[in-house]
Amino acid sequence: MINLAVRDILHGWGKFAFTGVGLGLLIGVTLSMAGIYRGMVEDATVLIEGSGADLWVVQQGTLGPYAEPSSLRDDVHHAIAGMPGVAAVGNAAYLTMQVGHAGVESRVMLVGFEPGRPGEPAFLVAGRPILRGHYEAVADEKAGLRVGDRVRIRRHEYEVVGLTRRMVSASGDPMLFVPLKDAQEVQFLKDNDTLVIERARTAANPAFNRPGVPGLLEAVQASQAQSRQVNSVLVRVAEGADPEEVAGEIRRWKRLQAYTTAQMEEILVAKLIATSSKQIGMFLVILSVVSAAIVAFIIYTLTVNKVREIAVLKLIGATNATIGGMILQQALGLGVIGFVVGRIVAGLWAPVFPKYVLLLPGDALRGFVLVMVICALASVVAIRAALRVDPAEAIGG
Amino acid sequence: MKAKLPGARALAVAAVVIAILAGLGWVIASQGPLARTKVTVTRAQTRDLAPSLFGIGTVEARRLYNIGPTAAGRVARVLVDQGDRVKAGQLLAEMDPVDLDERLAAGRSVVERAAHNAKSAQSALQEAESRARVAQANADRYAELRRTGFVSQEAADAKRHEASAGQAARDAAGSALAAARDEVRRAQADLAGTDRARKHLRLSSPVDGVVAARLAEHGSTVVAGQMVLQVIDPASLWVRARIDQGRSGGLAAGLAADVVLRSLPGQAFAGRVERVDVLGDSVTEERIAHVSFSSMPAGATVGDLAEVTLRLPKVSGALAIPAAAVKRAGTGRGAWLLRDGRATFRPVTVGTETLDGAAQVLSGLDAGDTVIVHSSRPLQEGARVAVEDSLVRAAP
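These protein sequence lines are chains A and B, in that order.
Heads up: the first sequence begins at 1 in my numbering, then just goes up one per residue.
Heads up: the second sequence begins at 398 in my numbering, then just goes up one per residue.
Treat the hints as calculated values from the structure; they're not laboratory data.
Any given hint might turn out to be false.
To be verified - Straight-line alpha carbon distances no greater than 20 Å define the calculated SDA-like cross-link-like pairs of lysine to any residue that follow: (1) K516(B) / E580(B); (2) K484(B) / R582(B); (3) K15(A) / G404(B); (4) K711(B) / T746(B); (5) K724(B) / K711(B); (6) K724(B) / G116(A); (7) K15(A) / V414(B); (8) K355(A) / S773(B); (9) K516(B) / A621(B); (10) K278(A) / L348(A); (11) K435(B) / G116(A); (12) K724(B) / L348(A); (13) K435(B) / R132(A); (14) K15(A) / V410(B); (15) K711(B) / R132(A); (16) K15(A) / A407(B); (17) K15(A) / V413(B).
In this text the structure is predicted, and so the values were computed from the model without any measurement.
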């Protein structure tokens, strides 16, 4: 018993292979779109895992440091560290800004953290952690920086001492980790012109510049120039403690908002990237439907092109099952080739995308099943057309 | 038919099939859940470590002299400007004396008058003495004549009375002279006091130094204690460095220091820790160390930002791994070991860390252990890893 499908494919294998590759590129685009969607959600959640925190303590009535601005005094963490169930606390400051390096500007999220406390980069792919208290940085490799580069941020030059991977903000901007005190200065210290103008403004105010009180003006100006604020306090709870319970205690007694990991994920995924992820999701649905339709058309066309051969088969007495099986096998074979090629090309071009593309094995599996189902359904239409072929066509025409 | 199969067509088909299978294999090996975590490794080595501390600070003057009046008044003149070198005792500025000069003149007149009074009292005394002497001589003569009976007792008594009256007048003149002399001294002291008060309005430099600030101009009114000029001793410039409490282990006076000024980057000046303040900054969680220069950098100015690196004593024969290999797990620290292609976590205790990225391991590792330094994603216990030279592409 020879396999009719294989014999037919080998007969016109070049055409079959090209069709398969073309189909594969289409499936690759669809898989990439799924990857973009997954990558977007992953970008939003990687922030949570990467920070190594169980709780985020932020200003009362705000939605955390990422989705809304929040400002806390930086000594708040002393009070939180003393609460039961708290293992470690760390101040963190976040600021999305443009940094220039070698004439190229890139958008980064500046993260101020305290070494050894929650909020530091979890792992490095090159270089070393920050060991000086000032003017050193660890960058995500997406920022395009290398170990040894010097980056200017506002007043100071920072040396990149280490690189990390997959440390991005919710919108996919690479993170740049710097010591907390530097980040506070970047965030809250005004530029020199503003400082000078502010000083003049204060000096012109008779309430602060009284002739009989020497030193008052200087004291007021000094108090204006310093700011000791952070955006969030990251808390790691002690082993065995319930994060929800600790968060409740902080909310109740410290008059601050505290979010658990699950709540933070909800804020980031359901609130921060809600519309843009829906946008991508909608497009993914349309692309899937269009791909399915194209796969069906291709298989139908392939079959219709073989009308004469099918008629000959019928003439020599092939059963309907034989002919139907041949078409189904060819369709499924095309689907397999298309899927494999699609997965390969998606994997090939995924790293080239500027934002993260996450190809999940589960998505690939679902895609494979979907492609097989679509191919089988499409072949049903083709089989119906084949079975209606009149054997006389083999002789006529 | 069978003879035709291994032909060119079959080879081409086989090539396409192999290419697709190879691609699939690459996808599974590199992207699926079976993909290995890429890592770089190194061996724990025994070596000498040169730990150091890092802090930033500002250049400040160790001795700062704020010069101003002790009483409210108006500035009459300011003789020096910012940057001028001044000597100890040099007149820098003067306050308006208001009526002090006139009071000095008056005081001088009073002294002169008192001196004249004293002189006349002196003369009066001389006159009284002379009178007293003549009266005494007369009295003595009359007493002699009375003994021989030439004059009456009454005449002799009158002369004796004249003599004692002359003595009393002389005593009175002596007292008047003493009072006049006292008056002279009082007037002189008064004048000296006024003169001192006048001199007090002259603001002079207590040291050899440089004028750092000129804060009031002539004509302006200042209150008691308000600064008119600020003088610093330029040889006493030092750096007030702030060092993070968490990384200040070993901070002590006497440590050698390298100071880089923001105004003179790329140039390190030698110095040493002169003093570590007893009081740290509890708000910024920093300790404060004062670092003096071995030789004063030319052009250093007060307020310059400085980066200070303090060299701690060398640690010899330390078991060291890269600081990037030290990971935190829960409350402790540890390192990932490479054992038979798999990662295993090992808690370690870490000693000193150097600024160039080496960490001393006190316990938990043996020399020659292979530790994982970098990884392409967070490691899991027992995860299979693939060792690479570098996880990032080299610079183009």
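How the hints compare with the structure:
| no. | hint | verdict |
| --- | --- | --- |
| 1 | K516(B) / E580(B) | holds, 12 Å |
| 2 | K484(B) / R582(B) | violated, 35 Å |
| 3 | K15(A) / G404(B) | holds, 18 Å |
| 4 | K711(B) / T746(B) | holds, 19 Å |
| 5 | K724(B) / K711(B) | violated, 24 Å |
| 6 | K724(B) / G116(A) | holds, 9 Å |
| 7 | K15(A) / V414(B) | holds, 15 Å |
| 8 | K355(A) / S773(B) | holds, 18 Å |
| 9 | K516(B) / A621(B) | violated, 44 Å |
| 10 | K278(A) / L348(A) | violated, 26 Å |
| 11 | K435(B) / G116(A) | violated, 25 Å |
| 12 | K724(B) / L348(A) | violated, 32 Å |
| 13 | K435(B) / R132(A) | violated, 28 Å |
| 14 | K15(A) / V410(B) | holds, 12 Å |
| 15 | K711(B) / R132(A) | holds, 18 Å |
| 16 | K15(A) / A407(B) | holds, 15 Å |
| 17 | K15(A) / V413(B) | holds, 13 Å |
The structure is inconsistent with the numbered hints 2, 5, 9, 10, 11, 12, 13, although it conforms to all the rest.
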